[in-house]
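Going line by line, the protein sequences match chains A and B.
Just add 361 to the spot in the first sequence (first one is 1) and you have my numbering.
Just add 1273 to the spot in the second sequence (first one is 1) and you have my numbering.
Hints are computed from structural coordinates only; laboratory data are not their basis.
Worth double-checking, as some hints may not be accurate.
[Claimed, not checked] No more than 30 angstroms apart at the CA atoms, straight line, and that leaves these computed lysine-lysine pairs for DSBU-like: (1) B:K1331 / B:K1315; (2) A:K370 / B:K1315; (3) B:K1341 / A:K418; (4) B:K1344 / A:K418.
[Claimed, not checked] If you anchor each label on the Cβ, the simulated ranges turn out as follows: (5) B:S1301 / A:T462: 17 to 25 angstroms; (6) B:G1314 / A:Q428: 24 to 32 angstroms; (7) B:K1344 / A:P369: 22 to 30 angstroms; (8) B:L1313 / A:T462: 32 to 40 angstroms; (9) A:S441 / B:E1352: 35 to 43 angstroms.
Glycine included, C-beta positions come from ideal geometry on N, C-alpha and C.
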Amino acid sequence: DSGVTQTPKHLITATGQRVTLRCSPRSGDLSVYWYQQSLDQGLQFLIQYYNGEERAKGNILERFSAQQFPDLHSELNLSSLELGDSALYFCASSSGGRENTGELFFGEGSRLTVL
Amino acid sequence: GENVEQHPSTLSVQEGDSAVIKCTYSDSASNYFPWYKQELGKRPQLIIDIRSNVGEKKDQRIAVTLNKTAKHFSLHITETQPEDSAVYFCAASRHNTDKLIFGTGTRLQVFP
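Chain A with its partners taken away, still in its complex shape (with noise of 0.2 angstroms):
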């Protein structure tokens, strides 16, 4: 167990809706990492946040938008929904700080299938 919590874990929805994706991260870190697996793929940066303020930015969809809440906690929304973006949502997490090793720490994913 990784310390990251996602939800929810599956979600099936219509092309043209929106959903938002909510992760949880490891106790005390401070950044949070969204990533996107579609099928056979890699992992696509979408978005970082560091206590609370966008800290990177990727080849995030207009579409898409993320907040990280003062609890840390942050969610994803996607919106306008499209096939294409039937994918596993990846939230990972790291502590950001001087102690910050760099190591990404996972959830377990939202996988997302649009019909």
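With chain A's structure known, arrange chain B on it following the hints.
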């Protein structure tokens, strides 16, 4: 933008043989190079990492080498075992608190 290329995409070896996976990166400011292993249906997990001030690092049967001049790094697994079968991802970042850019992954199959 930053890019990490990884080869091969699939690799099949006999148990006991060695496996080598190679990655190249585009951002010359990259200084941190971890490797993650993702077993089927599981989350990625760190197996080894190397920083730019080190050329090689070993941990039991796995080793990573780094050539900063050529901007490439490699993962070496010796005496492979069936439980080594998984997808391996290389990654790079400028600092260990920065975003991590992953390669496209290598599916390693170790046959008994």
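Checklist entry - When the hints from earlier in the document are held up against this structure, which numbers fail? => result 7, 8, 9
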